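A.B. asks: Chains as they are written, first to last, in numbering that gives the first Met the number 0: chain A, 0 to 577; chain B, 0 to 87.
Rather than coming from a laboratory, the hints here were simulated on the basis of the structure.
One should not assume that every hint holds.
[To be verified] Listed below are the simulated DSS-like cross-link pairs for lysine-lysine, each with C-alpha atoms no more than 30 Å apart in a straight line:
| id | chain 1 | residue 1 | chain 2 | residue 2 |
| --- | --- | --- | --- | --- |
| 1 | A | Lys81 | B | Lys81 |
| 2 | A | Lys44 | B | Lys75 |
| 3 | A | Lys44 | B | Lys81 |
| 4 | A | Lys58 | B | Lys29 |
| 5 | B | Lys20 | A | Lys552 |
| 6 | B | Lys29 | A | Lys81 |
| 7 | A | Lys320 | B | Lys29 |
| 8 | B | Lys56 | A | Lys81 |
| 9 | B | Lys29 | B | Lys56 |
| 10 | B | Lys81 | B | Lys20 |
| 11 | A | Lys81 | B | Lys75 |
| 12 | A | Lys372 | B | Lys56 |
| 13 | A | Lys366 | B | Lys29 |
| 14 | A | Lys366 | A | Lys411 |
| 15 | A | Lys94 | B | Lys29 |
| 16 | B | Lys81 | A | Lys372 |
[Claimed, not checked] The following label-pair restraints were derived from C-beta to C-beta distances:
| id | chain 1 | residue 1 | chain 2 | residue 2 | range |
| --- | --- | --- | --- | --- | --- |
| 17 | B | Gln70 | A | Asn155 | 39 to 47 Å |
| 18 | A | Val419 | B | Gln27 | 37 to 45 Å |
| 19 | B | Gln27 | A | Glu408 | 46 to 54 Å |
| 20 | B | Thr61 | A | His352 | 42 to 50 Å |
| 21 | B | Ile1 | A | Asp469 | 32 to 40 Å |
| 22 | B | Gln70 | A | Ala174 | 40 to 48 Å |
| 23 | A | His20 | B | Asp57 | 45 to 53 Å |
| 24 | B | Pro67 | A | Leu384 | 48 to 56 Å |
| 25 | A | Glu408 | B | Thr61 | 47 to 55 Å |
[To be verified] Stretch by stretch, here's where chain A covers chain B in the computed footprint (C-beta under 8 Å, at least three residues):
| id | region |
| --- | --- |
| 26 | 6-17 |
| 27 | 59-67 |
Since this is a predicted model, take the numbers as computed values, not measurements.
Backbone N, C-alpha and C define an ideal beta-carbon position, used for all residues, glycine too.
Listed below, chain by chain, are the residues.
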Amino acid sequence: MRLSGIPVSPGIAVGTAQIVHVRNVPVIKVFLPESRLDQEIARLKAAIDATIREIEAQKASARSILSEDFLAIFDVHTIILKDPALINGAVVRIKRERVNAEYALQGAMQDMVRGLTETEDPYFQERATDVDDLHRRVQLHLSGPLPERDIWTGDNLVILAETLTPSETSALHNAPIVGFATERGARTSHTAIIARSLEIPAVVGVKGLMASGGSSKNVIVDGLEGVVILDPTQEELQEYERRKEAYGNYKSRILADARQEARTVDGHRILVSANIDLSDEVESALTVGANGCGLYRSEFLYLSHSPDLPTEEQHQRHYEKIAEAFYPHRVVIRTLDLGGEKYFHAVLDRREHNPVLGVRAIRFCLKHPDIFKTQLRGLLRASRLKNVSILFPLVTTFEEFEQALSLLETCKEELRTEGVPFDEDIPLGIMVEVPSCALTAASFAPHVDFFSIGTNDLIQYLLAIDRNNDSVAHLYDPLHPAVLECIARVCDAAGSSGKHVSVCGEAAADPSMIPLLIGYGVEELSMTPSAILEVKDQIRNLSFRSCQKLVKKIRKVKTSREVAERVSAFLNGGSRSV
Amino acid sequence: MIRRDIVVMNRLGLHARAAAKLVQLANQFKAQVTLSTNQMCADAKSILGVLTLAAAKDTPLTIETNGPDEQQAMEKIESLIKSGFGEE
């Protein structure tokens, strides 16, 4: 049976189907005789201990993929499970009400959640779902040995699941997994990110997967085309084994070219740089020959210190490390983009109804100049190698830009007075994510060193689509003529002032978008490190002149379908002709 | 039993991250460790208890340790609170 979904991590996997159910154990109240109570208490303690051991093991295995700051979450889980208020609460219930461990635990956990919520500590309010997850896991231990443990034997497993929680995905890290397919999810979901970082093929949003996958033995996951085949035929198996091999050969060829520049057949150079969230990813970016970091998302530095804020020295040390790692390449550090739908921090106002349109990014920073200045000063101090650039996110009006600029100037002046060295020529850019900014790019062009087009948010704002809403996801369309028009305008404005344009959204790694972006005059594509090799390879097979001709023709096109057809015709012939 | 008075010095008080550090430390000792403000008393080995104290900066606290390693427990906990929980 052939199902389709969204390909989120490239490659082809052929393996044994392994269904992962998020099991919710129904809790039943049972009255016990007095003589059984001690045994029941021992059973409860053993289940809690087993869960703690499991968390510690997960922490150990996640150490290689997550940084210390994120590992601290595992410690918090352990502390909650060791809390005497929880254990005593459950034990007292067993003794007093003469009930089973499961029921007593449920009551004590509910008290715990209530207690944590009442402390009004935002960090723990955010952790409420974690506590639910912990509860479920202890209940699983109470209900008997975990079946997962036994079934995880075997090789070449392809995981089929409704969705995977962070704790489940990190537990999968050491299992012999060759592919993922999930019923729900999008490109940005947790499974997608982990799969890409582990370089395991994955397809998400596969409708009907759980209904049909239950009895399957073998499965093929095609993370290139977004296809999942349950119990493939002999012909399909042969076909996909062949494709898998071809893809493997292709991968080793492009890896061999990692150090080479990405130049079109007619010699036009495109910088291919990395989007980095966590400093752990720097290594993989360098391995694939990234031309620097085109987007460093500083949010994670803040999240890892939540509910505190990083100090100026912490900013400086953090950015310096990245700048040193990429030297002599450039590192573009985007100033704080907290808010929106993605990131929450104790400093934000949680009562906003529509945070995507609310006080996020530069709006937040201008409202809190003290927080902003700490980051700017740290950034400037980290610029001594002269390879750091500053990028302001979500600029909507020229006044915002002026205010941000004047704060930056204040910080520079302060540092000069203090005698602290920094790069006096530090390049400054703005992110083009709001349509107003794209349409008025010409006003900004003389005052910035570069533009960075954030296509994900630009498309969301331009086409009025909530990226996380499955029912409108099909309207999210980078090839929409309005999106292309915005990109063209920014490139025109930058071009006439001799300024640099980069693109750092998903579009930068989208094979249909790349010839268009290059044709418009985009000089840098920044993307998740795992996409870099393939994008470089594609660029080497394009001709700049024919990309320019292509965008001229497309400017008159009315529908994205027609754009798609033209791009596809272009890629299937003529893309190399000069 | 040892008892000592101290004042919470770090800017954010006994918030989640600091409380987690304190509980982790208290759990390393056999001694019973309690913290009290002039209103409540909490088991320092319970994250829920410590958070419920809601001790902001400048709150006076009384630490009590009771058990075989009470001396060592007192010293370590006192110095953690005095260090401002290693916040910079």
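A.B. asks: Between the alpha carbons of Lys29 (chain B) and Lys56 (chain B), is the straight-line distance 30 Å or under?
C.D. replies: With Cα atoms ~28 Å apart, Lys29 (chain B) and Lys56 (chain B) stay inside 30 Å; holds.
A.B. asks: Holds or violated: Lys81 (chain A) and Lys75 (chain B), Cα atoms, limit 30 Å.
C.D. replies: Within the cut-off at roughly 20 Å; holds.
A.B. asks: Check whether the Cα positions of Lys372 (chain A) and Lys56 (chain B) lie no farther apart than 30 Å.
C.D. replies: Given that 30 Å is the threshold and the Cα spacing comes to 24 Å, the pair holds.
A.B. asks: Is the Cα-Cα distance between Lys81 (chain A) and Lys81 (chain B) 30 Å or less?
C.D. replies: holds, 25 Å
A.B. asks: Is the gap between the beta carbons of Val419 (chain A) and Gln27 (chain B) within 37 to 45 Å?
C.D. replies: holds, 41 Å
A.B. asks: State, for the Cβ atoms of Ile1 (chain B) and Asp469 (chain A), whether the hinted interval 32 to 40 Å holds or is violated.
C.D. replies: Violated: the Cβ-Cβ distance is about 59 Å, outside 32 to 40 Å.
A.B. asks: Measure nothing beyond the straight line between the CA atoms of Lys29 (chain B) and Lys81 (chain A); if it is 30 Å or shorter, mark the hint as holding.
C.D. replies: holds, 14 Å
A.B. asks: Run the distance test for Lys56 (chain B) versus Lys81 (chain A): straight-line Cα separation, threshold 30 Å.
C.D. replies: This hinted pair holds, its Cα atoms lying about 27 Å apart.
A.B. asks: Please work out if Lys44 (chain A) and Lys81 (chain B) have their alpha carbons no farther apart than 30 Å.
C.D. replies: violated, 35 Å
A.B. asks: Mind taking a look at whether chain A covers the region 59-67 of chain B? Criterion is 3 or more residues with CB to CB distance under 8 Å.
C.D. replies: Violated - the region 59-67 of chain B has 0 residues with a Cβ nearer than 8 Å to chain A, which falls short of three.
A.B. asks: Has the given pair, Lys366 (chain A) with Lys411 (chain A), been kept, meaning a C-alpha gap of at most 30 Å?
C.D. replies: Since the Cα atoms of Lys366 (chain A) and Lys411 (chain A) sit roughly 20 Å apart, the hinted pair holds (cutoff 30 Å).
A.B. asks: Just to be careful, I want the Cα atoms of Lys81 (chain B) and Lys20 (chain B) compared with a cutoff of 30 Å; is the pair within it?
C.D. replies: holds, 13 Å
Checked against the numbered hints above, the structure breaks hints 3, 5, 7, 13, 17, 21 and 27 and satisfies the rest.
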